[in-house]
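Residues per chain, in single letters:
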Amino acid sequence: MANGNAHAHTHDDGHHDLESLRLMGFWIFLITDCILFGTLFATYIVLHGNTAGGPTPAELFKMPGVIAETFILLTSSFTSGLALLSMNQGNRRGLIGWLAVTILLGASFITLEVTEFIDMVHEGATIGTSAFLSGFFTLVGTHGLHVSLGLVWMTALIIQLARHGITPVTRRKANVIGLYWHFLDVVWIFVFTIVYLMGVM
Amino acid sequence: MAQHTAGHGGHGDGHGHEQESHGSLKSYVAGFVLSLILTAIPLFVVLNEWLEGTAAHVVLLGSAVLQFIVQLVFFMHLREEKKPRYNLMVLLLGIAILVTIVGGSIWIMTYNKVG
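As they're listed, the protein sequences go chains X and D. With the working numbering applied, the first sequence corresponds to residues 1437 to 1637, in that order. With the working numbering applied, the second sequence corresponds to residues 5 to 119, in that order.
Hints may be right or wrong, so weigh each one.
What follows is a list of derived Cβ distance ranges for each label pair [claimed, not checked]:
(1) Met113/D / Met1499/X: 24 to 32 Å
(2) Arg83/D / Asp1453/X: 18 to 26 Å
(3) Ile99/D / Phe1507/X: 25 to 33 Å
(4) Asp1453/X / His61/D: 17 to 25 Å
(5) Pro1604/X / His61/D: 41 to 49 Å
(6) Gly1485/X / Leu92/D: 45 to 53 Å
(7) Pro1500/X / Met93/D: 36 to 44 Å
Stretches of chain D that chain X covers, calculated by requiring three or more beta carbons in the stretch to come under 8 Å of a beta carbon on chain X [said to hold, decoys possible]:
(8) 42-51
(9) 57-67
Hints are computed from structural coordinates only; laboratory data are not their basis. Bear in mind the structure is a predicted one, so any value in this text is a computation, not a measurement. Note that beta-carbon positions come from the ideal geometry of N, C-alpha and C, so glycine has one too.
Could you put the whole structure together from the sequences, leaning on the hints where they help?
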């Protein structure tokens, strides 16, 4: 990065360095996002016993839906990796196809999650019912918002790829979205473990 | 295992070599299978009530952390980073802050029983 011979670099090298610098900037954003989720996890863990007479985690959580969400998101993390693999082989159709599969899986995940939330609210478990549910909806909802944003973002990338093909810029954008998507799956692993599995244990 | 470029004819030539590798089909499949196993283990432990108390917590958190590492290595290619490894350093700083926030909150609130 901090290279003494920077003057000797050709224009192409400088461009490549800039794209890798942008990729690293995004990595730093991901780490700060990680800290954001850390604070939400800390809040949830501290408050999850305070149900204020409302439903407890074990009464509320329906595991079949949550297990389906988990495997769907894990598979989508894998297919987003396959998309990058196609990109590195110069295969634009493969890249767009796997991104589309990833979007479909992500959309199924969000559909299941929203259905789960609506069911809970109908059972009287709203964000204002107890400290446990405030922490729950904030943590899981923030993750769901991240996934929804990722879906919009991935759709925009597909449009750019269809128009401009695989260029250094779209290549970097695809790498960034790949990292973002893997990161969201990692966060979900901890949501699944700490919120759901430990909740029904 | 077959080479990942074998099925794609000429596509792979001339593209894969000009920049550093970002994983192969083999590493993605390995990461996916390991992740599936590491998701299934805690699931069976909880649903079949094989373990309880501290042992169950250790298995659950251990599987989650292992899966985190699997995805960092096989999906996010952390090991392929060139020196100096800024990504790894930022990650370690983030984890230190994370552990401080989560561990500190739990520790403080455990000894903060009102009444």
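message = Looking only at beta-carbon atoms, does the pair Gly1485/X, Leu92/D fall within the given range of 45 to 53 Å?
response = Violated, since Gly1485/X and Leu92/D (Cβ atoms, about 36 Å apart) do not stay within the stated range.
request  = Please count how many residues of the segment 57-67 of chain D have a CB within 8 Å of a CB from chain X and say whether that reaches 3.
outcome  = holds (count 5)
request  = Please test the hint of 24 to 32 Å on the beta carbon pair from Met113/D and Met1499/X.
outcome  = For Met1499/X against Met113/D, whose Cβ atoms are near 27 Å apart, the range 24 to 32 Å holds.
message = Is the coverage entry for the segment 42-51 of chain D by chain X consistent with the three-residue Cβ rule at 8 Å?
response = holds (count 5)
request  = Starting from the range 17 to 25 Å, see whether the pair Asp1453/X and His61/D falls in it by beta-carbon distance.
outcome  = violated, 45 Å
ask   = Does the Cβ distance between Ile99/D and Phe1507/X fall inside 25 to 33 Å?
value = Taking Cβ atoms as reference, Ile99/D and Phe1507/X lie about 26 Å apart, which means the hint holds.
inquiry  = Given a hint of 36 to 44 Å, does the C-beta separation of Pro1500/X and Met93/D actually sit inside it?
reply    = holds, 41 Å
Supplied distance hint 18 to 26 Å, evaluated on CB atoms of Arg83/D and Asp1453/X = With a Cβ separation near 22 Å, Arg83/D and Asp1453/X satisfy 18 to 26 Å, so the hint holds.
query = Could one say that the CB atoms of Pro1604/X and His61/D fall in the range 41 to 49 Å?
reply = Since the Cβ atoms of Pro1604/X and His61/D sit about 46 Å apart, the hinted range of 41 to 49 Å holds.
Of the numbered hints given earlier, the model fails hints 4 and 6; all others are met.
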